[in-house]
Amino acid sequence: MFQIKPYGPNAVLISFPGGINPKTHRTVKKVYQYFQKQATNGITAVIPAYDSLTVMYLHQKVNPDLISEMTAEALLSNYDQIPARILKIPVCYADKHALDKIDFMQATQLNWDDIVQLHTQPQYLVYMMGFVPGFMYLGGLNHKLKVSRKSVPRLKVAKGSVGIANEQTGVYPFEIPGGWQIIGRTAVDLMPQLKGIAVEMGDSIQFVPVTEKQFTKPNQTIKIVQP
Amino acid sequence: MSIAVLKAPMHGTFQDFGRLIGVAQGVPICGAMDKKLAAFINSLLGNTHNEVVLEQAVIGGEFEFRVKTQIVIGAYENCAFLNNDNINSCEIIQAEKGDVLKFKPLKTHRFVYLAVAGGFEAEQFFGSRSTYLFTNSGGFKGRALKRGDELMIKSQKDKKYHSIAERPTLKAKFKLHPAPEFEHFTKVDKAALVANTFEIENDSNRMGFRLKNIELKGTASGNIISSGVLPGTLQVPPSGKPIVLMADGPCTGGYPRIAIIDNDDLSAFAQLLPNEKHQFYWANDYNY
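If you're matching them up, the sequences are chains Z and P in order.
Counting in the working numbering, the final residue of the first sequence is number 227, and the numbers go up one at a time with none missing.
Counting in the working numbering, the final residue of the second sequence is number 515, and the numbers go up one at a time with none missing.
Note that these hints are calculated values from the structure, not bench results.
These figures come from a predicted structure and were not determined experimentally.
Glycine included, C-beta positions come from ideal geometry on N, C-alpha and C.
One or more of the hints may lead you astray.
BS3-like, lysine-lysine: derived pairs with alpha carbons at most 27 Å apart [stated by the list, open to error]: (1) P:K368 - Z:K159; (2) Z:K195 - P:K368; (3) Z:K5 - P:K295; (4) P:K414 - P:K400; (5) P:K400 - Z:K5; (6) Z:K159 - P:K373; (7) P:K368 - Z:K156; (8) P:K234 - P:K295; (9) P:K373 - Z:K156; (10) Z:K213 - Z:K223; (11) Z:K5 - P:K444; (12) P:K398 - P:K439; (13) P:K381 - Z:K195; (14) P:K381 - Z:K5.
Where chain Z lies over chain P, by a calculated footprint (3+ residues, C-beta under 8 Å) [stated by the list, open to error]: (15) 243-254; (16) 401-407; (17) 444-458; (18) 473-480.
Model the full structure from these sequences, guided by the hints.
Next up, the structure:
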């Protein structure tokens, strides 16, 4: 059902079978939400991922056997009864921001309106966050939009750029080097923050197409749709 | 109540013990690379152990005191001068208004610290005042110090008793524990990690230290499904040359993890320089 693997004297990895899929994700989310509330019991931090959780703890209070018991308890909890919220992120797909538009249309053999339609249709699942602060690992990209990453990565990709690489789509939360095919840009700040709205694993993301004029409006935020 | 930067240090950043509350959103832990040394010099001044200190890599800066204060230089050698007079590291030094503090390049280790009584004023990001350069967050305006910066000092009005932290030492041997993919590596790889000495590559930094002279065969698949990683982890990319993740390293990674350096040795590991030979050993005579 799950495996506990050693990770030094102050941590373990809890891993679940099944690989990358929504069912495993829901199990990870459930156990994550349980461990988040165990700070007083010696759990110092938890990193949720696709099919695993890295759990850090105080070795004076916690050991791998106890983590195993806690995980079993978490699996019996009803934390997964909480439905996911939907976060709407405005994206401008105009030429100015769709840096790889021509290449992308050629690779997919689709016209631009269809590409925008296919990209804004799904509710993407935030499987996990990581790589850099605020970076979302999203699942649910339409297979027609599957295009491999650029052969030569860009040294700088602007903050808010929306891209696609193979089965993945996502947003660059700040300016970094990167090789994804850029098809649009959002003005919403996706840098993690303690106050205000921050994306979390388990959220659903929907991209909403906006015009260039709407893109330039100041103080844009993510819109939350509670289920 | 300030100290002026006359000459910028190399990679001079404010650091405390770092942050744990952002790891699920990809915000690295950060914090002083040598936390034991930072704790020790803070404790000498009566600061809390995780008070903000200035971390400098190899070459310290030049500073002028605009206020009378007490300082401690955190280093394993004497490398600083007050008004051109040699001063001892890990001792309380009285600095007067107008005094000038200088450093010479370190010879035996990588990071030198400056602590002041009361600590430095610094910006908070995810519960810590540590600088994270990648997103320009926390510390001194989210960046490394520059000439002309004014470093504000907090007043130490309610000085409390804090226990003196253990005095740290440099090390040449580092204890390893198994990490999640340990079982996926061959016996030969597990033995190779501790059989030979290793060196640190020149391009090592706060994000990671690359190891030289160790080449592993790696696991059968060569990759893992992205998963949470911790500072001190030895990741093995397809090249077979392990990378040790450090304080500013990412929170998740996709390379197999063979081992993690014991937390008790990680501060000393962070102090390693290139072109020196060091060795790992497995904890508890681990039977590989």
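ask   = Which numbered conditions among the earlier hints are violated in the structure presented, ordered from lowest to highest?
value = Hints 3 and 14 contradicted; others consistent.
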